[in-house]
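Make the full structure from the sequences, and use the hints.
Going down the list, the sequences are from chains A, B, C and D. Heads up, the first sequence is in the working numbering, so the first residue is 168 and it goes up one at a time. Heads up, the second sequence is in the working numbering, so the first residue is 168 and it goes up one at a time. Heads up, the third sequence is in the working numbering, so the first residue is 168 and it goes up one at a time. Heads up, the fourth sequence is in the working numbering, so the first residue is 168 and it goes up one at a time.
It is worth saying that the hints were derived from the structure and are not from the lab. It is possible that some hints are incorrect.
Same chains, same names: a pair is fine if it fits in one copy or spans any two.
Claimed, not checked - Under the rule of at most 16 Å between Cα atoms (straight-line distance), these lysine to aspartate or glutamate pairs were calculated in the EDC-like manner:
id: 1; residue 1: 234; residue 2: 278
id: 2; residue 1: 597; residue 2: 572
id: 3; residue 1: 286; residue 2: 617
id: 4; residue 1: 364; residue 2: 333
id: 5; residue 1: 364; residue 2: 346
id: 6; residue 1: 654; residue 2: 369
id: 7; residue 1: 468; residue 2: 642
id: 8; residue 1: 654; residue 2: 642
id: 9; residue 1: 198; residue 2: 214
id: 10; residue 1: 597; residue 2: 443
id: 11; residue 1: 654; residue 2: 492
id: 12; residue 1: 468; residue 2: 417
id: 13; residue 1: 654; residue 2: 365
id: 14; residue 1: 364; residue 2: 338
id: 15; residue 1: 198; residue 2: 369
id: 16; residue 1: 364; residue 2: 653
id: 17; residue 1: 364; residue 2: 642
id: 18; residue 1: 198; residue 2: 173
id: 19; residue 1: 597; residue 2: 204
Owing to the predicted nature of the structure, the values given are computational and were not obtained by experimental measurement.
There are 4 protein chains.
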Amino acid sequence: MTHSFDLVVRNGTAVTASASSRYDIGVSGGKVMALGEGLGSGRVEIDATAKLVLPGGVDSHCHIEQKTAAGIMCADDFLSGTVSAACGGTTTVMSFAAQHRGMSVTEVVADYHERARPKAVIDYAFHLIIADPTPEVMRSELPDLIRQGHRSLKVFMTYDRLRLDDYQILEVLALARREGALTMVHAENHDIIRWLKERLLERDHVAPKFHAVSHHALAERDAISRMITLAELLDAPILIVHVSTEGGVDTIRSARARGLRVYGETCPQYLFLTADDLDREGMLGAKYCCSPPPRAVAAQKAMWCALADGTFQVFSSDHAPFRFDATGKLVRGPSPPFPEIANGVPGLEVRMPLLFSEGVLGGRIDIHRFVDLTATRAAKIYGLFPQKGTIAVGSDADLAIWDPERLVTLSTEALHDNVGYTPYEGRRVKGWPVTVISRGRVVVHEGRLEAEPGSGRFITRCPPEWAETEGRSHDAAALARRFGAEKIFSNL
Amino acid sequence: MTHSFDLVVRNGTAVTASASSRYDIGVSGGKVMALGEGLGSGRVEIDATAKLVLPGGVDSHCHIEQKTAAGIMCADDFLSGTVSAACGGTTTVMSFAAQHRGMSVTEVVADYHERARPKAVIDYAFHLIIADPTPEVMRSELPDLIRQGHRSLKVFMTYDRLRLDDYQILEVLALARREGALTMVHAENHDIIRWLKERLLERDHVAPKFHAVSHHALAERDAISRMITLAELLDAPILIVHVSTEGGVDTIRSARARGLRVYGETCPQYLFLTADDLDREGMLGAKYCCSPPPRAVAAQKAMWCALADGTFQVFSSDHAPFRFDATGKLVRGPSPPFPEIANGVPGLEVRMPLLFSEGVLGGRIDIHRFVDLTATRAAKIYGLFPQKGTIAVGSDADLAIWDPERLVTLSTEALHDNVGYTPYEGRRVKGWPVTVISRGRVVVHEGRLEAEPGSGRFITRCPPEWAETEGRSHDAAALARRFGAEKIFSNL
Amino acid sequence: MTHSFDLVVRNGTAVTASASSRYDIGVSGGKVMALGEGLGSGRVEIDATAKLVLPGGVDSHCHIEQKTAAGIMCADDFLSGTVSAACGGTTTVMSFAAQHRGMSVTEVVADYHERARPKAVIDYAFHLIIADPTPEVMRSELPDLIRQGHRSLKVFMTYDRLRLDDYQILEVLALARREGALTMVHAENHDIIRWLKERLLERDHVAPKFHAVSHHALAERDAISRMITLAELLDAPILIVHVSTEGGVDTIRSARARGLRVYGETCPQYLFLTADDLDREGMLGAKYCCSPPPRAVAAQKAMWCALADGTFQVFSSDHAPFRFDATGKLVRGPSPPFPEIANGVPGLEVRMPLLFSEGVLGGRIDIHRFVDLTATRAAKIYGLFPQKGTIAVGSDADLAIWDPERLVTLSTEALHDNVGYTPYEGRRVKGWPVTVISRGRVVVHEGRLEAEPGSGRFITRCPPEWAETEGRSHDAAALARRFGAEKIFSNL
Amino acid sequence: MTHSFDLVVRNGTAVTASASSRYDIGVSGGKVMALGEGLGSGRVEIDATAKLVLPGGVDSHCHIEQKTAAGIMCADDFLSGTVSAACGGTTTVMSFAAQHRGMSVTEVVADYHERARPKAVIDYAFHLIIADPTPEVMRSELPDLIRQGHRSLKVFMTYDRLRLDDYQILEVLALARREGALTMVHAENHDIIRWLKERLLERDHVAPKFHAVSHHALAERDAISRMITLAELLDAPILIVHVSTEGGVDTIRSARARGLRVYGETCPQYLFLTADDLDREGMLGAKYCCSPPPRAVAAQKAMWCALADGTFQVFSSDHAPFRFDATGKLVRGPSPPFPEIANGVPGLEVRMPLLFSEGVLGGRIDIHRFVDLTATRAAKIYGLFPQKGTIAVGSDADLAIWDPERLVTLSTEALHDNVGYTPYEGRRVKGWPVTVISRGRVVVHEGRLEAEPGSGRFITRCPPEWAETEGRSHDAAALARRFGAEKIFSNL
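Structure representation (structure tokens):
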């Protein structure tokens, strides 16, 4: 007998960023081939009655098998990382190929390809961290890499080993605009943090909670404001990652109101944790140390508002997996002063369930916005769309079948990463992805891996939607234009 | 031979608010039954190669076969109005059932049903204009009508015969929130306009252009601000229609940033006309008189920004069809002072082509945003979704097949309304809907009507997405809550 | 022997809005004749060593011997009122001549002259409350009265018997601008208050605290915003009295930043009381009922900010003296529902000591700003300057000699009004005016009256500083100007 | 016969920041001894009938006999500079003692004392430019110098040889707050300017006008925003010098609204010149090159608004005297590329007349605000008050007698500096100071010097008014306080 499709997902309520209705999904060759009622048979059939069928998530900000500039290796490699992501409903991860100073970006990328290829169980792409924009990197490596489909660069405004100064950032922005890449930025004012850190250490304020004091909210507000100014000068699109403060949100919102292409992202830790979580007995607060740190309850509320009103486009995990032991958080000893604690919290697997439970079921955002924030918009912004991020004929069959009634208590044991703790231990959520499909293959079902390591693929990206700039008004170039020097901007 | 579908639209690039890709669309029983490549045959087949297939537009603000409070009948009835709409790519119109003072709303609605039923060629719904919120209307008629699917009310803050005072508006908002209806508002400060009008007439400033002086931008800013305050007090969703000013946009944007459910709409006349259009020879400016009036170029720019950044959700025509003769614009004589000119401009047919050409092809918004603004979001906000507003399995097969390369010069002759002029005479646009389909029936093809009058249907609407308010924070109720009186808000 | 002066105040530290230094003050004929070190002798000599010599305060907002529109007479007449004011360091009061509907303003003014003349111990002027702007009032009475020196009008946006609609307010603003008067406004949205009041009463929420619920903060924000828009339209100066909310402050600040001549005032009750003060046992909360009501602590902080950063120019008492008995607060019975409680709190005597103690000694404002807020600026804005409000050669010798170290516990017994209670009972302040001088006469010394009733005089005011409008840009007239109709504004 | 006074100025209308009236001024020992009508006789008598007697101006930002970091000496020494200042109504100049890298600030100050002492004809003080905050400077030199009365420090955010990074600025701010000094800042983003400059030079855009392109308005907005954030973090008072942009004004205004002690200054070149002035034939534009550069007309309007609404407190000249020849502007050759043109415009003498004529007589600010902006407020902010900046008993007798009717055409010949050109050549002003008095000595009369070089004195300053910080809320310290680390802020 001949089947019409390789796979049919039947009777589920399919939800996209703009619609939801009940129909069957026919998949062949890894792609959605048909949507309809009563589709023909599939070699494999999945009954999704009473379930939601969502586009697999796109986690566009996570650290996997990455060595930090300080030399610490992430606890998750491309196997545990992608399995954990898939178990949480995510079918595409965008992690980092991290240049350290002195390195060739081309070689760095090749190296990360080597790491990912044999292990990933879902599809992936790399953002390029630029820590050393040498002439060779800027004139040759990056243009080539961007054209090869690496259409996002990341820069840091803080961290001794990573940060670029404003001149270097302008150079990166100009390059990115010219070549069609998006610039992501970790925006915190380096000197504010440094000054506070030194003052704290002078007075022996070394406990983990002082990490939150040193990464002051004003450091974020200032750096976001400065980065937006640099982008405004060149009319270059940027995305501010992991926004955590009211001041940051206000600054982004007002930039968008002026018509600037500024995108914003927040993460679960800024919705569900606070600075008080760092103030736990002994070193336990280290589990919650990330940069920027969790803030106060008022900041959480501002993040929810920005998710709801469109100020943020992307909700990512910023998964930064370090075990609470000498391989990770405590690599500098059992009781290090706060600046020596490895930074980051895990979140790949819980990202979507937390937002579904508290955001959608909690009435703060609707389910279409949920899909947009967790999958569709990231795919569009980063050039993965329409291959990824939605359920549509011709798109990859990346699907997550959610049971919206499933009650789950979050716990380290139940999760699939290699971090050994979760900041959300004991929290109860409602709704969970029970079956997750990547390019038509069932990757995980009820928490069991059903795909082969290495079956995930690298995704070559296209110039994203914002790359078309014809007809845009570039107000910052007005005086240059008046004096006949507009080409310093337009022909970057 | 058995066909799989009543209709198949083949090989087009289908575009929704969130995606675009190439696939066939199979339609049966008036609904989209399947999306896919190589679908089975249709009784009717349409080849859409090199065309865009968009959801049929939802024009959620237009006046059809409506008698104004001043007694002037619109030039378009439900036949010419819906034909004109369809020719411009629109497949659903939301016009008004207009209560005048002393009338029963229930009877008014019945009357409008009578008008529409035998003539409409596309589907329709009515917003209920409330000009006389008597106890009977408030306690009995409106709750019934809302439950019957009329889920939007419209109030006016100006016009002698229509306007409600703030107390009455609060009553309408409270009712709408309790029963699950959206309140639309024409927001202009009545007394400002009245004062200016009288001062102008005292000095014999009677020409059409003084209409623009009397309907001052500050009148709009103030009324929008006040209406938002009333809605904020009750946490009731509102939609501000036909926003035209920078001040209005700023006020809405800032309300949305505080988390309020305030929606905004603008119309072609605020993107493509200016106050100078009213300053034409003799009475010609009367053709451009509408309320609010077209403003300055800076206001146009602000409208574009608000369409792009999400401050506006809806782009409608506010089609108000009055001929430039004694039946319409000049009903009070050949040369009336500006306050006696019938207000309004036509736009049903040109709404989408103008925005497509200048917005999408002009690089100001992308095509997904275009679909969202012209179809999807209105459908969601007004409770028509997912039946209307998108291309999805299970949705009505309301489709517009656009030729994105078609060059058209706008002219009265080429349009299908009964107004006898267009404010956009001579303007050239690129892109036009060549075939428009409603519930699987071809309504118009190349400007020819192919459907029967009366084949359009009234659409009963559902409680819209925002009707769920569980878990929302109602900040304006804080003190009442503290003092134990929160029920004055929560149990309206 | 011949004395050089009638009075010399010696060795004090004289403080004005812009300076402080130690010198003698020579007074003759009721005016300051000389400032200097070692001045010649005076018929009377006062030693002010270790004391501050401040300009006598100008309380530009107080109700004295006024009958409310509801028919309740103030507890203080021009004797007790002016004595109480003087005891608190104030030497000029601006109270109201209150037109009720149907009255001639001219007769009202004559009547208030009659009341004040035989009793006042310090100087006074009247603001004209306009509750019935009949053609006679507008065309004849007000122009005459303004030219006679009554250069301030007050309008109400709420209260059934007082409020004007926006059209009437525009008429008053146009008149005031043309004739050179300032328009003061009680800005609360009437319908919001009315709607809330009715909803509260329906549910038997009648206790005094519900007064604070009904006079919602949003009612103030909206009305301030609207009033500013009306003033912006005509480029007419306005002063918003008794601002109490963050929203009000923000609205005023942003208007001032656009260059509008909008002035703001707050009062002690918005710095030192909160809504919780209305929530006292039985009817005790009635003592704290005033409109607008005291708000939350966050609003207090916003008021302090606005006093410090220049958003507010004036700090007045809004003294509204009603006894806590059947002649005042409880005139409608011993336990009336909140809408029937007479509105207002006393404050004439404590206004300056409270601000001195908490503002100046508390480090929130400096002493020059204190003088400006309590005396100088009001004198300038209302046309009393330089006769009143400062210490300068040629100015009236209105002086308050303060002991900055004096500790005083506020209590009903210690105060000199006729109200019988103080909302600040038991509060301790530091700093008190021990001797208060009006036109060279010692009015009070250590709380004892030393002047004759009737020795205070009515002050005829000049066109104030803002009356010159040459060269101002009137942005709101731009379109009218473009179309040749600017005279509707400029020649009001 | 014995005179009562050394000097009496008779019959003038004396104007201060808060008052104006007609009285005589008696001066002895260099100080105002008495103000009054009909004062006793003076050894010298000046008749000021029909004249205005204003406090001598305080020009708190000017460069005199200063060598730039690039080695160019100012064209004005302390003789020509102070004579020119006096001729324009100024009686106190605050110029700079400029540390270059490697220098001891103590020695720099001693050196500037040497330069000024024998030449100055009016009084003076120095701001300390900190270009090299070494441990020795920070721990020892600056605390000593501040206590000796040098209560203002200046830092630069741009210029290769001067700029401090954010960490260094935080150190300076912390020191200044602890010791009671005000930090002034030249706020422009260095890297933005550098990037633009290099891009311009690459394309041979070398003419003077490109200076205005390189010093982009966004560079100012960003740096002002950043500096305010640094000051907010430490709750340290700052003054932003020479603000020139709308963005800068908005940022300052909003900081002040939050209660921050942020002061702002603008200068004549930002009111009366535009970027087009740099676009003159050949090298003539070099005469108008200063940093920040003149902007567009819209920016001028924003400056006027900020002068009127209190956002700015200080109006200074930023006199930077370089001749249009090889000693100054063209020191790098007759036709240097714009980055090699010496930066700055002269303005000491015209500062007050320009503002008087266009501001006061032009109806944009009143005369009290004029006095406040040009004299009083600077004296208060910088710790010169009440010795300088007002007319009061006990203050220095620094007086400028203005003829408000005098018409003057500005021209190089008529001015008294040593610059050889004025950017305002040919402009007509109304109002001029005909006699200028410093500590009772007539310094200039009708443009003739009547005082001895060296008769001006250095002024030791007191801790200024803002130095008291008791009771201020330091919001940025909230989290540190919660975690017990507030001393990193409070005990800097």
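Here's how the hints hold up against the structure:
With identical chains, the CA atoms of residue 234 and residue 278 are at most 16 Å apart within one copy only, with a shortest distance of 12 Å there and 55 Å across copies. In the homo-oligomer, the alpha carbons of residue 597 and residue 572 lie at most 16 Å apart inside one protomer (6 Å), although the nearest pairing across protomers, at 49 Å, exceeds that limit. In this assembly of identical chains, residue 286 and residue 617 lie within 16 Å of each other by CA distance solely inside one copy; the values are 14 Å within and 58 Å between copies. Taking the closest pair of Cα atoms, residue 364 and residue 333 come within 16 Å of each other only across two copies (14 Å); inside a single copy the shortest separation is 22 Å, beyond that limit.
Taking the shortest alpha-carbon separations for residue 364 and residue 346, neither the intra-copy value of 38 Å nor the inter-copy value of 23 Å comes in at or below 16 Å. For the identical chains of this complex, residue 654 and residue 369 are inter-copy neighbours only, at 11 Å across copies versus 50 Å inside a copy, given an alpha-carbon limit of 16 Å. Taking the shortest alpha-carbon separations for residue 468 and residue 642, only the inter-copy value of 12 Å comes in at or below 16 Å, while the best intra-copy value is 33 Å. In this assembly of identical chains, the alpha carbons of residue 654 and residue 642 lie at most 16 Å apart only when taken from the same copy (14 Å versus 36 Å across copies).
Proximity of residue 198 and residue 214 under a CA criterion of 16 Å is satisfied in neither setting, with 18 Å inside one chain copy and 23 Å between copies. Taking the closest pair of Cα atoms, residue 597 and residue 443 never come within 16 Å of each other, the shortest separation being 25 Å inside a single copy and 40 Å across copies. Taking CA atoms no more than 16 Å apart as the test, residue 654 paired with residue 492 passes in neither setting, with 54 Å inside one copy and 32 Å between copies. Proximity of residue 468 and residue 417 under a CA criterion of 16 Å is satisfied intra-copy only: 13 Å inside one chain copy versus 22 Å between copies.
In this assembly of identical chains, residue 654 and residue 365 lie within 16 Å of each other by CA distance solely across copies; the values are 13 Å between and 44 Å within a copy. For the identical chains of this complex, residue 364 and residue 338 are inter-copy neighbours only, at 13 Å across copies versus 30 Å inside a copy, given an alpha-carbon limit of 16 Å. Proximity of residue 198 to residue 369 under the C-alpha cut-off of 16 Å is found in neither arrangement, the shortest distances being 59 Å within a copy and 50 Å between copies. Taking identical chains as interchangeable, the C-alpha atoms of residue 364 and residue 653 lie at most 16 Å apart only when they sit on different chains, with a minimum of 13 Å there against 43 Å within one chain.
Neither within a single protomer nor between protomers do residue 364 and residue 642 lie at most 16 Å apart by alpha-carbon distance, with minima of 39 Å and 19 Å respectively. In this homomeric assembly, residue 198 and residue 173 come within 16 Å of each other (Cα to Cα) only inside a single copy, at 10 Å, whereas the closest approach across copies is 26 Å. Taking CA atoms no more than 16 Å apart as the test, residue 597 paired with residue 204 passes in neither setting, with 29 Å inside one copy and 36 Å between copies.
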